[in-house]
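Note that my numbering gives residue 103 to position 83 of the sequence shown, counting from 1, and the numbers run on in steps of one.
I should point out that these hints are in silico values taken from the structure, not numbers from a laboratory.
The beta carbon of each residue, even a glycine, is placed where N, CA and C say it ideally should be.
Hints are supplied without guarantee of correctness; some may be wrong.
[To be verified] Label pairs and their in silico Cβ distance ranges:
no., residue 1, residue 2, range
1, GLY54, THR25, 41 to 47 Å
2, GLU52, GLU26, 34 to 40 Å
3, LEU73, ALA50, 30 to 36 Å
4, VAL47, LEU86, 56 to 62 Å
5, GLY58, GLU26, 42 to 48 Å
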Amino acid sequence: MASATELPDLVREFTDLSKEYLLQETVVPAKELGRYAGFAVGAAISFAVGALLLGIAGVRLIIEVLPEGPNWSALGYLIATVVLVLLSGLLIRMGAEDRKRNQ
Numbered sequence: 021m022a023s024a025t026e027l028p029d030l031v032r033e034f035t036d037l038s039k040e041y042l043l044q045e046t047v048v049p050a051k052e053l054g055r056y057a058g059f060a061v062g063a064a065i066s067f068a069v070g071a072l073l074l075g076i077a078g079v080r081l082i083i084e085v086l087p088e089g090p091n092w093s094a095l096g097y098l099i100a101t102v103v104l105v106l107l108s109g110l111l112i113r114m115g116a117e118d119r120k121r122n123q
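All chains should be modelled from the sequences, with the hints used to inform the complete structure.
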């Protein structure tokens, strides 16, 4: 057993070891997780912007192919909206099936 004179040194050593352990097991992994989360958010934003630009390009292509006139232009927007909604539904369904398979 430790003597009374060694007790403050033992307590100091215990607190130092506890701090190092907490840093090693909590803070460092949390920083790494934050880095990966940052990359994931950046990728999600990039994909969203890409999908938006592809949608706009699709609308412009459909409107360009159809004859001139306001009714035809409205039909182009309607067709593009239906296609994008169907594509979104397909992606959501694929994600749900993948989640079920992984459980």
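Okay, the hints, checked on the actual structure:
1. GLY54 with THR25: 41 to 47 Å: 44 Å Cβ-Cβ, so the 41 to 47 Å window holds.
2. GLU52 with GLU26: 34 to 40 Å: This hint holds: roughly 38 Å between Cβ atoms.
3. LEU73 with ALA50: 30 to 36 Å: Between LEU73 and ALA50, where Cβ atoms are some 35 Å apart, the hint holds.
4. VAL47 with LEU86: 56 to 62 Å: Given range 56 to 62 Å: holds, Cβ gap about 59 Å.
5. GLY58 with GLU26: 42 to 48 Å: Since GLY58 and GLU26 have Cβ atoms about 46 Å apart, the given range 42 to 48 Å holds.
Figure legend: structure checked against the earlier numbered hints; every hint is met.
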